[in-house]
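The C-terminal position of the sequence shown is numbered 336 in our numbering, with every residue numbered one higher than the one before it.
What the hints contain is simulated information worked out from the structure, not anything from laboratory work.
There could be a bad hint or two in this list.
Said to hold, decoys possible - Within a straight-line C-alpha distance of at most 25 Å, the following computed BS3-like cross-link-like pairs (lysine-lysine) qualify:
{"id": "1", "residue 1": "Lys134", "residue 2": "Lys296"}
{"id": "2", "residue 1": "Lys235", "residue 2": "Lys196"}
{"id": "3", "residue 1": "Lys226", "residue 2": "Lys200"}
{"id": "4", "residue 1": "Lys296", "residue 2": "Lys225"}
{"id": "5", "residue 1": "Lys224", "residue 2": "Lys267"}
{"id": "6", "residue 1": "Lys296", "residue 2": "Lys325"}
{"id": "7", "residue 1": "Lys51", "residue 2": "Lys152"}
{"id": "8", "residue 1": "Lys73", "residue 2": "Lys36"}
Unchecked claim - Beta-carbon label-pair distances, calculated as ranges:
{"id": "9", "residue 1": "Glu4", "residue 2": "Arg124", "range": "21 to 29 Å"}
{"id": "10", "residue 1": "Leu190", "residue 2": "Lys335", "range": "24 to 32 Å"}
{"id": "11", "residue 1": "Lys87", "residue 2": "Glu217", "range": "54 to 62 Å"}
Just so it is clear, CB atoms sit at the ideal spot from N, CA and C, and this is done for glycine as well.
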Amino acid sequence: MMSRKTGASYYHRTWDYLEDNSRESVKDLTEYQIIYPSKQERTKEVYSWEKESAVAQIPQALIWGKHGAVIAPNGKLIWDLSYEWFNKPEEHPFFYRDSNQKPQYVDAALAMLTHPISHNYFHWLFEVLPRLDLIRQSRCQVDQYVVTKVQQPYQQESLSLLAIDQKDMVYTEPELYWQVRKVIAPTFLTGPSHWACQYLRHAFLPLLDLKSSRKNRIFIRRNNYRKIINEEEVYGLLKKKGFQAVLLEKLSFLDQVRLFAEAEAVVGTHGAGLSNLVFCSKGCKVVELFPASYVWKHFEYISVCLDLDYKGLIGPAQECDRQYKSWGLNNFDHLTVPVKELEAMLVELKL
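Between the sequences and the hints, there should be enough to build the whole structure, so can you do that?
Here it is in structure tokens:
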């Protein structure tokens, strides 16, 4: 059973633990390697701040729960390694755990590749896989990787392409509570970064035999939320201009990489499928469609990083299913695309 809330004792940042650890003169001091320093970038399109990305080695740390929270040896939660969606640090489920639960000791060096919504393609691509780059650049000796339960085929496929096989992984579960000889903890990433874009390109594009003469024009269809109400009219326009409709969930991971790498133009509603823009060639033309209730800049930033020719188009929103509204979210709303504006935008892009 779950206990009533225990004392919510936590470090907000890994660095706070480091400083506290140093003051206490712990013999085996935690190591901390900065792989990518923090970076600010401002263009006429977007402003970005990329936080410092590093790897911490924490001897005798604990790992808890289905999302792999990292706990310092003194029992304090390390929040920036244990992020939970929508929760504040003091509301973390670790503080509501079974008070009788005791950790099992694991004599291994385990590296963290966990994420509370790693089953989402965008978060997997930009917030999980690039942590592997941090770990490998740190040259830490890793026995196994701790991964949130793999739920989607693209997760297993992409890990395998990065030389991470089943034997290299251990999965989190709700009852997990381990004390580990050493936890290797890369920074928890939030959103795309320039270095992560370059890592993904260098990791996967060389695996393809790309046909440089092939130029796809693709329209990304959606079957669930954030649907286009007037999709037939929109696709009628796009089809005349040589676009082909695709459902990305029917493609393997590497086939998605290939599709976008060979694209000269991409049109699609804001959503995880546009994460594949990271594989597009310089100058690829992109039109991202938004419901007026939800406009987010992630894919515009990726386009700026990679010199893609990007434009965004906002249309009236239609309220999404009641289920999503009950969560207090509007980022699932459907939209009606202003077709004449889309047509003018395509002409401007010379499509």
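We went through each hint and held it up to the structure:
no., hint, result
1, Lys134 x Lys296, "violated (36 Å)"
2, Lys235 x Lys196, "holds (22 Å)"
3, Lys226 x Lys200, "holds (13 Å)"
4, Lys296 x Lys225, "holds (20 Å)"
5, Lys224 x Lys267, "holds (24 Å)"
6, Lys296 x Lys325, "holds (15 Å)"
7, Lys51 x Lys152, "holds (19 Å)"
8, Lys73 x Lys36, "holds (20 Å)"
9, Glu4 x Arg124: 21 to 29 Å, "holds (24 Å)"
10, Leu190 x Lys335: 24 to 32 Å, "holds (26 Å)"
11, Lys87 x Glu217: 54 to 62 Å, "holds (60 Å)"
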